[in-house]
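Participant: Given these sequences and hints, build the entire structure.
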Amino acid sequence: MIGVTQRDLTSSSLDELCVIDGVAPVVITNEQRDALAARFRSIPTDHHRRLDAWMVEKAGAQSNDFAWSPITARRVLGNAALRYVERSPHLSYSEAVYESLADQLDRAARGHARTGSLGQWIANLENPIVGIVVAEATTWATQIHQIMGRLGPEIGMASVDAYYDVAGARTTLRGRRDALIKSGENRIVVRFRSGLPGRTAGSGLRADLAVDALADPLGRVAQRIIGIWPEAGVALALDGTMETVRAGARDLVRSAIVEHRQYVRIAA
Amino acid sequence: MTTTAAPPIVTLIDSLRDARQTTTSEVTLDSAGIRATLADGIYALLGEAQPITPYVIRPSSFRRDAVMSSYTPFGRMRGALITQLMRLIAIGFPINDLFVDAVAAWRASEGASELVEVFAALDDDERARLATEVVAHGVVLQQRLGTPPSSWLPRTAVRSAIRLGGGGVLLRDHIDLVIGSANGVGSGVALIDITTSTLDESMERALRFHAVVETLKSGLAPRFVATLSTATGQLWRFNVDNDLLRRGVTEILSTLDVAVAGR
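The listed protein sequences correspond, in order, to chains A and B. Its first residue numbered 1, the first sequence is counted upward by one per residue in our numbering. Its first residue numbered 1, the second sequence is counted upward by one per residue in our numbering.
For the record, the hints were derived by calculation from the structure and aren't laboratory data.
Sample of chain A residues lacking proximity to chain B, with all beta carbon distances greater than 10 Å (derived):
#: 1; residue: Gly22
#: 2; residue: Asp46
#: 3; residue: Arg254
Cβ-Cβ distance ranges computed for the label pairs, FRET-style:
#: 4; chain 1: A; residue 1: Lys58; chain 2: B; residue 2: Gln50; range: 22 to 32 Å
#: 5; chain 1: A; residue 1: Asp216; chain 2: B; residue 2: Leu122; range: 53 to 63 Å
#: 6; chain 1: A; residue 1: Leu218; chain 2: B; residue 2: Arg247; range: 54 to 64 Å
As the structure is a prediction and not an experimental result, all values here were calculated from the model. Where a beta carbon is used, it is the ideal one built from N, C-alpha and C, also for glycine.
Facilitator: This is the structure in structure tokens:
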């Protein structure tokens with residue numbers, strides 16, 4: 001597979017996307033990490049930068065207007081619910097969502113949830129809104145678990161997103177990953193996305209793949225990243241080649257430059 | 001005087017439970033076949049030129065002429081509030097006050113929107129009228145929907161957006177309640193539309209549209225499409241077969257034809 005591959009969500013297409021026999025494993029070296037860190041250090045910042053695929057897709061725009069809502073909460077709660085279902089298969093999706101909701105409330109009650117966090121937001125919701133939050137997260141969890149079931153038995157939920165703090169650059173990179181298909185040393189990163197894939201969707205996947213590789217202590221690059229848009233019935237896939245990782249890292253550096261320019265403009 | 005027990009109300013969920021026991025005809029049309037037919041039809045209508053903005057076809061494209069009252073701000077608010085109640089009922093969430101709970105849930109789901117602003121600007125009389133309508137429709141919903149068991153995998157407010165014709169046409173859909181699974185060789189999925197209007201032929205077209213979009217999205221045709229009118233309590237349920245999907249495809253192309261002619 002060269003470049004971004006697009007497939008409909010038919011069973012044969014999903015089977016095809018899971019075949020990675022011909023993709024050679026690639027590893028990021030310490031020299032490459034150092035070179036990337038030097039690039040980030042060369043971009044001045046007076047605050048701690050947080051960069052992710054969303055910023056790459058939006059050409060460095062900050063998500064300042066983020067607010068919790070049933071829709072923005074569904075990925076966190078739904079994914080946590082699916083991790084519960086993997087541990088306790090007897091749980092229904094909605095029961096698992098209630099468990100993940102209870103975890104968030106517990107953290108808020110113990111004072112462990114920071115201001116503006118999901119736990120704090122849920123703790124202050126009216127009862128019917130909690131119902132809609134549960135409905136939205138249950139729908140998310142059910143939909144993505146149904147698709148995961150078609151991606152083979154080796155798929156499992158990712159325990160956390162990938163985070164990589166760039167040494168000495170006051171920069172944290174975040175790579176979102178919802179599920180992983182692991183077979184021996186090989187792995188495929190799976191992302192589930194809302195809406196329709198836009199023109200920059202491939203760049204977002206490249207950034208997620210690069211951060212996933214950087215977060216791996218041995219620098220192992222996943223053989224493939226698959227982005228699935230359930231609402232559109234479409235999947236995009238990219239192979240984990242060094243060229244792809246380099247492009248992903250370049251996009252993240254470019255986002256840092258754009259973000260810096262925006263701060264400078266605001267400060268002026 | 002003879003008294004008889006009132007006949008039990010058959011809920012939509014009961015109706016689907018019964019229907020699942022019966023065998024249905026094999027659906028040979030798949031997403032590839034439907035996509036190819038639509039691609040040919042779209043090419044015949046649009047040619048090679050891509051429109052600057054895509055033609056968007058949604059369920060309302062089939063209902064516009066028939067039920068204008070549902071598309072007034074008042075009708076849309078009523079529909080939106082009933083959808084929120086349906087979402088709470090579908091997951092078995094306790095409802096204390098039909099109107100108050102629906103409004104709280106709707107405002108959280110909708111965020112800032114033109115319709116929320118219209119709601120905020122309602123005077124006391126208008127708000128009371130909306131409240132009584134929502135409660136009346138909500139009672140019918142509670143009686144006639146039923147709560148799907150969690151093993152039926154209920155999903156609510158499921159959105160779809162399918163690009164066709166190289167992006168020149170966009171099929172947008174929103175299904176109130178989806179139940180069942182499409183894993184394996186066949187599909188046990190049922191698509192359920194809740195409407196606050198009365199049921200008519202345009203609703204049939206909307207149901208066929210849902211079936212076509214779901215087939216394109218998941219790669220498998222759903223088994224049933226159904227609708228419940230909270231205005232009358234009427235239930236309609238259709239088995240999805242090749243004929244229903246073919247009609248759905250034809251109706252999408254005719255709707256596109258009208259839209260192209262109108263630009």
